[in-house]
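**Student:** Going down the list, the protein sequences come from chains A and B. Residue numbers for the first sequence follow the working numbering, beginning at 4 and rising by one. Residue numbers for the second sequence follow the working numbering, beginning at 4 and rising by one.
Keep in mind the hints are simulated off the structure, nothing from the lab. Do not take every clue at face value.
Said to hold, decoys possible - Quick list of in silico lysine to aspartate or glutamate cross-link-like pairs, EDC-like style, CA-CA up to 16 Å:
(1) A/K245 <-> B/E230
(2) A/K125 <-> A/E14
(3) B/K245 <-> A/E210
(4) A/K225 <-> A/D183
(5) A/K245 <-> B/D209
(6) A/K225 <-> B/E230
(7) B/K245 <-> A/D172
(8) A/K234 <-> B/E230
(9) B/K234 <-> A/E14
(10) A/K234 <-> B/E231
(11) A/K245 <-> B/D218
(12) B/K245 <-> A/E231
(13) A/K245 <-> B/E14
(14) B/K245 <-> A/E230
(15) B/K234 <-> A/E230
(16) B/K166 <-> B/E14
Stated by the list, open to error - Computed spacing ranges between beta-carbons, pair by pair:
(17) B/K93 <-> A/S32: 17 to 25 Å
(18) B/D86 <-> A/Q145: 47 to 55 Å
(19) B/A26 <-> A/S143: 40 to 48 Å
(20) B/R68 <-> A/T238: 54 to 62 Å
(21) B/T146 <-> A/D45: 46 to 54 Å
(22) A/D45 <-> B/H229: 57 to 65 Å
(23) A/T146 <-> B/M4: 17 to 25 Å
(24) A/T74 <-> B/D243: 37 to 45 Å
(25) A/A41 <-> B/M167: 48 to 56 Å
(26) B/A26 <-> A/T141: 26 to 34 Å
(27) A/R68 <-> B/A57: 33 to 41 Å
(28) B/E64 <-> A/Y83: 56 to 64 Å
(29) A/T141 <-> B/R68: 26 to 34 Å
Stated by the list, open to error - Residues from chain A that keep clear of chain B, each with C-beta distances beyond 12 Å, as calculated:
(30) A57
(31) N112
(32) H241
All residues carry an ideal CB built from backbone N, CA and C; glycine is no exception.
Protein chains: 2
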Amino acid sequence: MTYCIAVSVDEGLVLVSDSRTNAGIDSVSTYGKMHVFATTPDRKLVLLSAGNLATTQAVVEQLRRDKRENTPVNLNSVSYLSDAADYLGKISVDKQKRYKEDEGQCSFNPSATFIIAGQIGKEAHGAYMVYAEGNSITTSRQTPYLQIGESKYGKPVLDRFIKMSTHLDEAGRCCLISMDSTIRSNASVGPPVELLIYRKDRYSIDEYYCFDADDEYLLTIKRCWHEELSKAFMTLPHYDRKFAIPLRDGL
Amino acid sequence: MTYCIAVSVDEGLVLVSDSRTNAGIDSVSTYGKMHVFATTPDRKLVLLSAGNLATTQAVVEQLRRDKRENTPVNLNSVSYLSDAADYLGKISVDKQKRYKEDEGQCSFNPSATFIIAGQIGKEAHGAYMVYAEGNSITTSRQTPYLQIGESKYGKPVLDRFIKMSTHLDEAGRCCLISMDSTIRSNASVGPPVELLIYRKDRYSIDEYYCFDADDEYLLTIKRCWHEELSKAFMTLPHYDRKFAIPLRDGL
Chain A
4 MTYCIAVSVD EGLVLVSDSR TNAGIDSVST YGKMHVFATT PDRKLVLLSA GNLATTQAVV
64 EQLRRDKREN TPVNLNSVSY LSDAADYLGK ISVDKQKRYK EDEGQCSFNP SATFIIAGQI
124 GKEAHGAYMV YAEGNSITTS RQTPYLQIGE SKYGKPVLDR FIKMSTHLDE AGRCCLISMD
184 STIRSNASVG PPVELLIYRK DRYSIDEYYC FDADDEYLLT IKRCWHEELS KAFMTLPHYD
244 RKFAIPLRDG L
Chain B
4 MTYCIAVSVD EGLVLVSDSR TNAGIDSVST YGKMHVFATT PDRKLVLLSA GNLATTQAVV
64 EQLRRDKREN TPVNLNSVSY LSDAADYLGK ISVDKQKRYK EDEGQCSFNP SATFIIAGQI
124 GKEAHGAYMV YAEGNSITTS RQTPYLQIGE SKYGKPVLDR FIKMSTHLDE AGRCCLISMD
184 STIRSNASVG PPVELLIYRK DRYSIDEYYC FDADDEYLLT IKRCWHEELS KAFMTLPHYD
244 RKFAIPLRDG L
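Model the full assembly from the supplied sequences, consistent with the hints where possible.
**Tutor:** This is how it looks when you write it as structure tokens:
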């Protein structure tokens, strides 16, 4: 499993990903899922990947190769982020199809999902989630984030705090606690945790962090969030016994 | 979808359930998923249900009928909670199998899961989750709760605050905010929210509440939790730019 988040707010983009990969519970390893592409100076593009590792690696390799060989469509040639998503979707479907044909085991699943985020030229920055089928969706002002992988445990905190006006550093902290909730609940999501900040119209990465499991900051924010939540929990109003309903109990 | 929680701590049991049922997104209705059984004075048993509504209704009806007709095995005759879970599992599999045979549409899924909680005689109180296959699991001292239905959104808060020593009223509030997170994130989980408290060795329900969507207490605890979380969020330590890693950017 995997957990990746892309936040697209007024100030720019925040991307966060875990690094645990597993092929069965007895085959666990560490692979970064955040891929930054060296592109022409008019653009900056970052990929987040989830799903079958062979597929995601084949897709990333193809994206790099097309760029290097300057094929008619590549990450340096597309004019819009939506075109980049479309191009990525086609490569992804192509790679999955190839492995589907060679399918050996019936439990084999080559599917993969991606988020491509960044900015191209004068177009606004943004993020697209590319489904295994190759189609894609982007964010909205109401829901300025996308998730791939194990998305449910960490969603409530994003829904509460991520708005278009959220500052990039706040969004970064929010993603880190969203990641913390997910790591606590799903053993197949784990550190190192990568965090990347893209400030709009810069066409270069503003900040990049890679937090190991024993990173002091990651431990501090986890502890702090837990302590503050515990305090918050203790202040919750009690329900009043006078509103209890007598049960007929005669069922 | 559905969301039900059963907490089994030192002091007793807390059960919480939503009331939304849907057969497709255009067929949404309200059904309670908490079923209290009138039993002999040496026991108290409560059922929580998730899954196909026809199956869960057929199972509940069969449990009541067996009890009324005093069949060899029924909720009044079983000596242990694990026997009650086993008996429930057999009825559930039986009902599902019957509807599977009559299957018309290929998307038809008659499966259902249950939690049976309570206390029988001198045995300790407890809760069992009965899978669609009829087998079951109970809680542990490390994980003193069970969930059925849409369990992921509301799990992190249970993991943080539910311990064996948690008081029943605290556990009740924790379940209500777990339910709130789930209702926010999944449109197929909704009020009224039922909350039931069983204090151990009482053999009767201690407190029962049914909170509608506009219930003042439910609105207050939701608002209070959101405000306190927002305050907690603002106190989180910032990551330090000096630990940012220069990206090679040459990929």
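**Student:** The structure should be examined with respect to each hint, and the outcome stated for every one.
**Tutor:** Results for each hint:
no. : hint                         : result
1   : A/K245 <-> B/E230            : 26 Å, violated
2   : A/K125 <-> A/E14             : 15 Å, holds
3   : B/K245 <-> A/E210            : 10 Å, holds
4   : A/K225 <-> A/D183            : 7 Å, holds
5   : A/K245 <-> B/D209            : 12 Å, holds
6   : A/K225 <-> B/E230            : 20 Å, violated
7   : B/K245 <-> A/D172            : 14 Å, holds
8   : A/K234 <-> B/E230            : 12 Å, holds
9   : B/K234 <-> A/E14             : 22 Å, violated
10  : A/K234 <-> B/E231            : 9 Å, holds
11  : A/K245 <-> B/D218            : 14 Å, holds
12  : B/K245 <-> A/E231            : 26 Å, violated
13  : A/K245 <-> B/E14             : 21 Å, violated
14  : B/K245 <-> A/E230            : 26 Å, violated
15  : B/K234 <-> A/E230            : 12 Å, holds
16  : B/K166 <-> B/E14             : 11 Å, holds
17  : B/K93 <-> A/S32: 17 to 25 Å  : 43 Å, violated
18  : B/D86 <-> A/Q145: 47 to 55 Å : 50 Å, holds
19  : B/A26 <-> A/S143: 40 to 48 Å : 29 Å, violated
20  : B/R68 <-> A/T238: 54 to 62 Å : 47 Å, violated
21  : B/T146 <-> A/D45: 46 to 54 Å : 53 Å, holds
22  : A/D45 <-> B/H229: 57 to 65 Å : 42 Å, violated
23  : A/T146 <-> B/M4: 17 to 25 Å  : 20 Å, holds
24  : A/T74 <-> B/D243: 37 to 45 Å : 41 Å, holds
25  : A/A41 <-> B/M167: 48 to 56 Å : 54 Å, holds
26  : B/A26 <-> A/T141: 26 to 34 Å : 32 Å, holds
27  : A/R68 <-> B/A57: 33 to 41 Å  : 54 Å, violated
28  : B/E64 <-> A/Y83: 56 to 64 Å  : 58 Å, holds
29  : A/T141 <-> B/R68: 26 to 34 Å : 54 Å, violated
30  : A57                          : 19 Å, holds
31  : N112                         : 20 Å, holds
32  : H241                         : 6 Å, violated
In this structure, the hints that do not hold are numbers 1, 6, 9, 12, 13, 14, 17, 19, 20, 22, 27, 29, 32, in rising order.
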